[in-house]
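**Student:** Got chain A sorted already, so can you dock chain B onto it with the hints?
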Amino acid sequence: MDKLKLVEATQLKTDVPKFKSGDVVNVHVKVKEGDKERIQEFQGIVMGQRGSGVNATFTVRKISDGVGVERIFPVHSPRIAKIEKVKDGKTRRSKIYYVRNLATKAVAQKTNA
Amino acid sequence: MRYRRKGVKTVSGILGKKIGMTSLFDENGEVIPCTVIEAGPCYVTQVRTKEKDGYEAVQIGFEEKKERLINKPLKGHFAKAATKMLRLMREFKGFNGTQLKAGDEIKVDMFIPGDIVDVSGKSKGRGFQGVVKRHHFGGVGMTTHGASDRVRAPGSIGGSSYPSRVFKGTRMGGRMGFQRVTVKNLKVVKVIPESNILIIRGSVPGAINGYLEIEKKHH
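Going line by line, the protein sequences match chains A and B. Just so you know, we're using this note's numbering here: the first sequence kicks off at 491 and counts up by one. Just so you know, we're using this note's numbering here: the second sequence kicks off at 542 and counts up by one.
In case anyone wonders, no lab produced these hints; they're calculated from the structure. Incorrect hints may have been included.
[As the list claims (entries may be wrong)] Label pairs and their in silico Cβ distance ranges:
#1 A:S584 x B:E571: 19 to 29 Å
#2 A:I562 x B:G666: 28 to 38 Å
#3 B:G671 x A:E574: 52 to 62 Å
#4 B:G679 x A:I562: 27 to 37 Å
#5 B:H676 x A:V506: 40 to 50 Å
Even glycine gets a Cβ: it sits at the ideal position worked out from N, Cα and C.
Bound conformation, chain B alone:
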């Protein structure tokens, strides 16, 4: 029931691509920071049903891809759904009695200004980072009294006689970013269906041209 808008039986989310950020003026003349997303058109590639798959979901695909770049099993999958060759596919929660079928088009007009959405994407890769940036450690502290090389150090990572080892999961330096990140409860500011544009207040994960999943919350 969570994703149902009265009378409309559709999918809970859409796929898109980050175009960039800008600011817009609202009706009071206040500046609001916005992310512009090119969302859809998406095509339903498969409908998961309780009887067949054990759960309800709608699999949708986004952005056309050249046919020669697609392998045979996927080609068959798209042929079955009678859609174009698509680049990115994701499943979104369906609900009982979804009227969608394979091949259906999903467009941005499923959103209206004021909708609350969750946006997921791959965050920007930061490479190998120390604990200060990666885990918000404070560093060891002093720059004087001979401790000037310890400013961004992690400090102790465990006791010596007991436990005499480093616990698993101890936060240390390492690869940071390029992970799936979800930003919850963002507000839809504007929808331009003619050019498939969705404008959301605030920032979303990932770089420009990064792919995004936009999921609508309950109303």
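Pulled out of the complex, with its shape left as it was, chain A reads as follows:
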């Protein structure tokens, strides 16, 4: 198992901020267009985290033009330039999938955000 960790260690980021479900985060994603690269921001509420080591991912949900959009990011992906915590949230469970069925206002109430 140690050798597996050794291999994974080369891929892990060290500057990932701590965040949890219910937090509002701003994810800076590197987007390639032709040979140009730019940063696209994706800000939303963290719905859950799963996995460990290199395989860790988290789901972010936001409402874009009235349509719910969810994106799953690998925490240690080199395509993510930066993760910013915008707001603290408070939830009673680790996966808050139920926010899909709530109105935007109710989500804010539920997560104390």
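**Tutor:** Relative to the frame of chain A, chain B by itself:
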């Protein structure tokens, strides 16, 4: 000629041990599924030559074993090659004019990222399995009309009046797995020579800590 890299005369394969699977990011940030293998160091225990053995091959051994666990004939074999006492030995195809001799060390640095390899190992034992899992049969079908006990059944295994017997080799239930399996054309993703690690894209046969033969294909 198939296994020859220009100017380098070495062996076509190496022995290793499966460490486990993980994922790595490639240069585009894509996730690639990888198997981590501890490969080598191996030692040449014998060189087979056309004159003496009728074929060209290099016999290599992997992983040290306690001396008291090795029988006398093998001890003599290792003493002759002046190597350590080794656990696993395999022959790999050699080619004309191999410069290797008994006692030489073979390391993972024989591979470079992008190499195409075949990996052989013993698959995981599955025990006694039915035809659906073992031979991908579809089962007989219906769960209603009184056929609910036939869902995973093999169906007919032969005619009654002719041939009046079951043909040899008819696929039935039985022991599955723990067989030699080769997965062909896997790509080497990364090599870490300091810790004898070889990382291959995709999965390889067998359980964690299972022994593997990794054979390099032509370039």
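**Student:** A separate judgement is required for each hint: does it hold in the structure or not?
**Tutor:** Now for the hints, and whether the structure bears them out:
1. Distance hint check: the CB atoms of S584 (chain A) and E571 (chain B) are about 28 Å apart, consistent with the given range 19 to 29 Å.
2. Roughly 35 Å separates the CB atoms of I562 (chain A) and G666 (chain B), a value that falls within the hinted 28 to 38 Å.
3. Between G671 (chain B) and E574 (chain A) the beta carbons are some 54 Å apart, a value that agrees with the proposed interval 52 to 62 Å.
4. Take G679 (chain B) and I562 (chain A): their Cβ atoms lie about 35 Å apart, and the range 27 to 37 Å holds.
5. Separation of H676 (chain B) from V506 (chain A) is about 47 Å and conforms to the stated range, judged on CB atoms against 40 to 50 Å.
When the structure is compared with the earlier hints, no violation turns up for any of them.
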